[in-house]
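Listed below, chain by chain, are the residues.
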Amino acid sequence: MLISEFLRTDEPDLKYATYAFALLSIHRLISVLVIMLKIFTGFEFLQLITVLPIVHNGLETTSIALLAFAFTYALFNHQEKRHNKTISRSLIAILVFTVIAQISWIITLYTVNGAFRYEDFWANICFVILNIIIICWAIYVWIFKAKRNSKHRVTIILAFSSYLVVFLLQLTNIILYNSNFSNLQVAQTPFPGIAIILFARVVYLRLVDKARLLDRLKLSERKIIEEKEISKMKDEFISVASHEFRTPLTAMKLHTALLKDKEYGEINKEQQDALNIIDEEIDRLTKLVNDTLDLSKLESKKYRSQISHTDIVKVIRDNQYYLMAEKKGIKIVLNLPEKLEGDIDVAKFQQLLINLLSNAIKFTDAGGTITISAKDGKDRWSFSVSDTGRGIPRSKIPYLFNKFYQVDTHMTRNQGGTGLGLSIVKNIVEIHKGKIRIQSKLGQGTSFIIELPKNLKNAKN
Amino acid sequence: MTRKKILIVEDEKNIAKAEGIILGKDHDIHYAEDGEIAMQKAEEILPDVIILDLMLPKRGGYDVCFSLRQHDQLKNSKIIMVTAKNQPIDRAKGMFIGADHYITKPFLPEELREAVRKVLDQ
Numbered sequence: 001m002l003i004s005e006f007l008r009t010d011e012p013d014l015k016y017a018t019y020a021f022a023l024l025s026i027h028r029l030i031s032v033l034v035i036m037l038k039i040f041t042g043f044e045f046l047q048l049i050t051v052l053p054i055v056h057n058g059l060e061t062t063s064i065a066l067l068a069f070a071f072t073y074a075l076f077n078h079q080e081k082r083h084n085k086t087i088s089r090s091l092i093a094i095l096v097f098t099v100i101a102q103i104s105w106i107i108t109l110y111t112v113n114g115a116f117r118y119e120d121f122w123a124n125i126c127f128v129i130l131n132i133i134i135i136c137w138a139i140y141v142w143i144f145k146a147k148r149n150s151k152h153r154v155t156i157i158l159a160f161s162s163y164l165v166v167f168l169l170q171l172t173n174i175i176l177y178n179s180n181f182s183n184l185q186v187a188q189t190p191f192p193g194i195a196i197i198l199f200a201r202v203v204y205l206r207l208v209d210k211a212r213l214l215d216r217l218k219l220s221e222r223k224i225i226e227e228k229e230i231s232k233m234k235d236e237f238i239s240v241a242s243h244e245f246r247t248p249l250t251a252m253k254l255h256t257a258l259l260k261d262k263e264y265g266e267i268n269k270e271q272q273d274a275l276n277i278i279d280e281e282i283d284r285l286t287k288l289v290n291d292t293l294d295l296s297k298l299e300s301k302k303y304r305s306q307i308s309h310t311d312i313v314k315v316i317r318d319n320q321y322y323l324m325a326e327k328k329g330i331k332i333v334l335n336l337p338e339k340l341e342g343d344i345d346v347a348k349f350q351q352l353l354i355n356l357l358s359n360a361i362k363f364t365d366a367g368g369t370i371t372i373s374a375k376d377g378k379d380r381w382s383f384s385v386s387d388t389g390r391g392i393p394r395s396k397i398p399y400l401f402n403k404f405y406q407v408d409t410h411m412t413r414n415q416g417g418t419g420l421g422l423s424i425v426k427n428i429v430e431i432h433k434g435k436i437r438i439q440s441k442l443g444q445g446t447s448f449i450i451e452l453p454k455n456l457k458n459a460k461n
Numbered sequence: 001m002t003r004k005k006i007l008i009v010e011d012e013k014n015i016a017k018a019e020g021i022i023l024g025k026d027h028d029i030h031y032a033e034d035g036e037i038a039m040q041k042a043e044e045i046l047p048d049v050i051i052l053d054l055m056l057p058k059r060g061g062y063d064v065c066f067s068l069r070q071h072d073q074l075k076n077s078k079i080i081m082v083t084a085k086n087q088p089i090d091r092a093k094g095m096f097i098g099a100d101h102y103i104t105k106p107f108l109p110e111e112l113r114e115a116v117r118k119v120l121d122q
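In order, the protein sequence lines correspond to chains A and B.
Quick note: our numbering has the first sequence finishing at residue 461, numbered continuously throughout.
Quick note: our numbering has the second sequence finishing at residue 122, numbered continuously throughout.
Rather than coming from a laboratory, the hints here were simulated on the basis of the structure.
Please note: incorrect hints may appear among the correct ones.
[Claimed, not checked] 20 Å max Cα-Cα, derived SDA-like pairs, lysine to any residue:
#, chain 1, residue 1, chain 2, residue 2
1, B, Lys85, A, Ser447
2, A, Lys297, B, Lys17
3, B, Lys25, B, Lys118
4, B, Lys85, A, Leu340
5, B, Lys85, A, Tyr264
6, B, Lys93, B, Arg69
7, B, Lys85, A, Lys260
8, B, Lys17, A, Glu263
9, B, Lys85, A, Val141
10, A, Lys260, B, Gly24
11, B, Lys58, A, Glu299
12, B, Lys4, B, Glu114
13, A, Lys287, B, Arg69
14, A, Lys262, B, Lys25
15, A, Lys260, B, Pro57
16, B, Lys85, A, Glu263
17, B, Lys93, A, Ile238
18, A, Lys378, A, Ala347
19, A, Lys403, A, Pro393
20, B, Lys13, A, Phe245
21, B, Lys17, A, Tyr264
22, B, Lys93, A, Cys136
23, B, Lys85, A, Lys378
Predicted model only: the values in this text are computed from it and were never measured.
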């Protein structure tokens, strides 16, 4: 499993782990082969004794070192270059030590008379101690340098500890029993296996995680492509709808006007009235189309607001819609500071103001007052449109911003309302990254209060 | 005001007819229902004013406008662009490409007459 992943990956720690497992396998294989040869053929591979330092200790310590580096690699994320240097230096040191041990062993074999046990050889003991040091270092790093909730922390510490038991038992055997206590040797047996299984589990889980991540990535890439397609279709629709809806409306409006102007001959009063009705309905449909397309454009993520640093007081004063209030006999009061500047999309803001005013006028009787106030703040500014109209029942307030929602459908339809005005207002507030809320009391009036940040250029996407 | 030659470039027959009635009292009207015919007729009659719809089959309105402006004899004809798009940027685009005026659909007969009056006075 590791080899197949090894051939695909370029992650260093997986590579080290593969080398470690490979070397350990070779190490075990050789030991097993030698023992089996002895058991089944009585043949003792005596020549092997001469290369014991390399074959037995060198292989083992190198694999332990590689294991330690492989399974602590992730903890040295930020010091990769230095850590890689440490690894190569350590491996070279082990190699050099092995060579020295090998040479020393050959010399010992030639100079010492009689049987000399490898277990008593100084280098053997050193290798055992070296293994212990390496594993203790790995455990230390995982206990003290890893975050509490690092993945697989416990498994890896257990794995290293398992291997540690092996070498501690060996050391105990050497020091206390002069390498004679065979029970201690047998006791070692399960631990390397346990350790390897635990390490293998970690690698397996990592590979599974990686596969899952890749799957999720592919899924989200597909989703993004789909969303782009939908967005593109929506934009095309808006562009086509713009033309397709307005063309018949234009034709109807023109011929109605020509009829009224008597370009098609004389008309009587009843016919005149009918034409007026048709004209009104055409206007209503036009407004509906405009509002819907506006809302669509605002909602489509491609809408690019034209935000500029503006004199807000001037923008509020310049609004033309106040005339409509005065026509109905409603008083307009402007409660504005002397100076107020901020980042707004002027055209959209005017539209917002007109929509709020239009609502206020609709629901306020002649003699009433509409107050527009603005207040400057440090990072934000606020403004409100308040009327002394009939108010909105509390139960209906949460739905006000919904598309096509009208509190009093009969009345608003008659006055040319589309139910989209407040949706558009909400969208415009959102483009400006602001907040809007409503306060209303039945019979007393309604206020729309909006808070906007002054500085938008930095926050713009 | 003298009678001028007006070329109406519009693929919607009903709108073209209405425009013709609106301006027909005061001027001589000619019609073209797509971009290619528009160029042909323009070269033939050399109109004083061209009412140019932007959404046209065969050659788009912007294209026709551009070609008219390149043409030696036609660069002095006044072009009034008519379109359903009403964003400031579309208006700016129209002016940039060489239109003399820009009206958006739907419009009233008086708006069209006013536009023609305006460009003829320029």
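Next on the checklist: For each hint given before, does the structure comply? Return the numbers of the non-compliant ones in rising order.
Outcome noted: 1, 2, 4, 5, 7, 9, 11, 13, 15, 16, 18, 22 and 23
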